[in-house]
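Residue numbers (UniProt numbering), protein chains in the order written: chain U, 1 to 543; chain B, 1 to 80.
Derived from the structure by calculation, the hints contain no laboratory data. Don't take every hint at face value.
As the list claims (entries may be wrong) - Listed below are several chain U residues computed to face chain B (Cβ distance under 8 Å; list not exhaustive):
hint, residue
1, I91
2, T102
3, L212
4, G214
5, S239
6, I240
7, A244
8, N245
9, M284
10, V335
Stated by the list, open to error - Computed footprint of chain U on chain B, listed as stretches where at least three residues anywhere in the stretch have a Cβ under 8 Å from a Cβ of chain U:
hint, stretch
11, 46–56
12, 70–76
Unchecked claim - Ranges between beta-carbon positions, derived for each pair:
hint, chain 1, residue 1, chain 2, residue 2, range
13, U, T224, B, H43, 43 to 51 Å
14, U, I494, B, L29, 21 to 29 Å
15, B, N74, U, V207, 50 to 58 Å
16, B, L29, U, W430, 37 to 45 Å
17, B, S19, U, L165, 53 to 61 Å
18, B, H43, U, G507, 55 to 63 Å
19, U, P512, B, S19, 21 to 29 Å
Using N, Cα and C, we set each Cβ at its ideal position, and we do this for glycine too.
Next come the chains, spelled out residue by residue.
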Amino acid sequence: MPSASDHVTELVVFTLLFLLVSGMGFAAARWRRAESLDHLDEWGLGGRNFGTWITWFLLGGDLYTAYTFVAVPALVFASGAIGFYAVPYTILIYPMAFLVMTRLWSVSYRHGYVTPADFVRGRFGSPTLALLVAITGIVATMPYIALQLIGIEAVLKVMGVTGHLPIVIAFLILAVYTYSSGLRAPALIAFVKDTLIYLVIIVAVIVIPYKLGGWDVIFGSAETALGQTNPNTGAPKGSILLNANNQLQYITLALGSALALFLYPHSLTSVLAAKNRDTIKKNMSALPAYSFLLGLIALLGYMAIAAGIKPIGKDTNTIVPSLFDQMFPDWFAGVCYAAIGIGALVPASIMSIAAANLFTRNVYKEYLKKDATPAQEAATSKITSLVVKVGAVLVILFLDPQFAIDLQLIGGVLILQTLPSVALGVYTRWLHPWALSTGLIAGLAVGIGMLYQIPNPNNGKEHFGGSAYRLSLAGFDTDKQIYVGFVAVLANLIVAVLLTLVLRRAGAPDTPDATRPGDYTVDRSPDAPPPAASGEPAAVAGD
Amino acid sequence: MSSPHPPEERPTGEAPRASDRSPWNWVLLVPIAVPLSTPLFNHLTPELLGFPLFYWLQLAFVLLGVGCTALVYNRTKRRD
């Protein structure tokens with residue numbers, strides 16, 4: 001086990017950088033300041049006024065999280081090619097979001113929507129469907145926040161810091177500056193986070209292959225190591241190419257994860273903070289720079305194999321920090337750890353804001369206090385964001401961290417079930433809200449049911465052992481695997497379509513649509529002031 | 001939301017747009033379909049700088065994505 005006394009330099013560098021960004025988090029309250037933060041548009045969306053560069057850092061910091069940087073190479077380390085799904089996944093997100101997100105931005109700008117459930121509420125006129133979307137969003141986001149803590153924990157473990165106190169302190173600081181600065185805090189910190197991440201990765205992919213003897217050596221030793229038999233399954237551990245059984249899984253996992261990513265409430269939070277349509281479209285061309293980075297990060301898994309890194313305990317999440325520890329001088333390893341640690345703060349902050357906004361808009365304002373003022377909304381969101389983070393810390397303190405990982409796996413499948421109402425809703429409201437609600441519930445049931453059936457031979461778990469569903473479990477005579485979320489969302493869509501046909505034929509009443517076709521293409525004129533800070537839809541505030 | 005149908009007058013600062021339809025949008029299908037076509041890149045050779053095809057070609061698809069979205073952005077930009 002590593003000991004903290006051997007890692008003094010790393011700890012000092014890590015702590016200094018961590019304190020630096022914490023200071024920035026507090027200072028962010030005054031950055032690009034509006035008249036007051038007592039409004040959800042200000043606290044939760046940074047005034048809906050971020051330009052191309054800020055949005056690029058904010059979205060990049062939001063979508064590529066510390067856990068990604070730790071877990072993707074860990075998967076490549078353990079299984080090989082299948083872990084590289086992260087690359088196609090983060091390529092095909094952007095062309096889809098290019099169309100859907102700009103329309104969602106326009107309609108949200110026009111009507112003052114803050115969450116995906118706000119949009120569903122307006123589009124389909126159904127509080128029930130909106131509530132289902134909001135709850136799905138909150139449930140899917142919570143474990144994602146907890147996972148960011150696991151990212152920090154992996155780094156601390158390698159530096160020999162044990163116990164939960166440091167993580168509790170780190171999250172406490174995060175909670176307080178998010179409370180006071182809102183979305184401005186992660187937006188400002190994202191500059192530091194991404195500068196550090198780019199620096200670390202560029203150095204890593206030059207220095208480490210040089211030290212190990214080149215890329216062909218790295219891929220060669222990965223091929224040999226993955227070809228060894230896994231005693232738990234009797235099959236090879238993995239392969240540096242896809243095999244006949246996991247090609248379908250690779251495709252559906254990449255596609256399903258891509259569809260899920262922009263449905264997560266925190267992605268929409270960053271998108272809605274953009275000042276106009278152009279900002280979003282430009283970002284959909286520029287954000288793949290991070291995908292390139294993620295591909296290189298994934299390959300750290302093979303570098304760890306070639307360098308003979310052994311995970312601490314059974315925690316493969318420690319391989320990347322261990323690799324840095326072995327390959328770099330102490331001070332630079334400290335910078336690397338800070339990059340991962342700060343990489344956890346940005347998304348955790350945005351996610352807690354998104355979850356808090358969902359609660360405020362779609363539970364509190366809808367059901368508990370219909371006449372809430374904008375100031376009351378902002379206050380509720382601020383407090384909820386604290387509660388959400390305390391919840392994440394409690395998960396780590398009192399539950400097996402593996403539990404958070406399992407929950408996040410389920411979360412991805414859950415959030416995908418909001419696809420028909422949110423993403424398709426942007427284009428059509430042909431699907432009836434009752435059918436959408438039923439489809440959503442059916443999709444959740446199918447998804448959770450399938451995940452429950454999946455064992456993990458490596459840790460002896462019988463249920464929730466992964467997201468790769470062996471078709472033989474469903475009685476098919478094949479070992480091919482498929483991503484659960486993909487099957488669940490198909491089931492969801494089939495139910496929604498069939499039930500819509502039945503409902504329309506039976507003459508079910510239609511619900512009002514608060515949006516009009518033109519709303520999906522409105523844009524802010526250059527130099528227009530931020531939208532009216534009244535909490536009411538922009539259109540109503542104008543008259 | 002106070003009324004299901006907001007009045008037609010737009011508040012100041014909003015520019016109406018007719019439509020976001022364009023035939024150029026079809027180009028966006030390319031960077032979605034290509035990275036999902038595993039038979040295209042699930043091979044070791046030809047290698048590039050020691051990278052098997054599976055790895056370097058998928059990294060190259062990032063550029064394909066950037067190129068296609070940039071092209072569509074450029075072609076569908078509103079001209080004043």
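*When the nearest CB of chain B is found for U/L212, is that gap smaller than 8 Å?*
11 Å, violated
| request: Under 8 Å, Cβ to Cβ, is where U/A244 needs to be relative to chain B, so tell me if that hint holds or is violated. | output: 10 Å, violated
Interface hint check: U/I240, Cβ to nearest Cβ on chain B, cutoff 8 Å. Holds or violated?
Holds. Min distance 6 Å.
**Q.** Interface hint status, U/V335 versus chain B (Cβ within 8 Å)
**A.** At about 25 Å, which exceeds the 8 Å cut-off, the nearest Cβ of chain B leaves the hint on U/V335 violated.
Exercise for the section: Could you check if U/M284 really has its C-beta closer than 8 Å to a C-beta on chain B? Expected result: Holds - the Cβ of U/M284 comes within 8 Å of chain B, reaching about 5 Å at its closest.
*Using the C-beta atoms of B/H43 and U/G507, is the stated range 55 to 63 Å upheld?*
For U/G507 against B/H43, whose Cβ atoms are near 56 Å apart, the range 55 to 63 Å holds.
Open item on the list: Hint U/G214 vs chain B: min CB-CB distance below 8 Å?
Closed with: 6 Å, holds
Item to check | U/N245 as chain B interface residue, shortest Cβ-Cβ below 8 Å | outcome: 12 Å, violated
- Query: Using the C-beta atoms of U/T224 and B/H43, is the stated range 43 to 51 Å upheld?
  - Reply: 19 Å, violated
For this session: Take a look at whether the Cβ-Cβ distance between B/N74 and U/V207 falls inside 50 to 58 Å.
Result: 38 Å, violated
**Asked** Hint check: is the beta carbon of U/T102 less than 8 Å from a beta carbon of chain B?
**Response** 7 Å, holds
Subject >> Within 8 Å of chain U's CB atoms, at least three CB atoms from the stretch 46–56 of chain B: coverage verdict >> reply: holds (count 7)
The structure fails hints 3, 5, 7, 8, 10, 13, 15, 16 (numbered hints given earlier, in ascending order).
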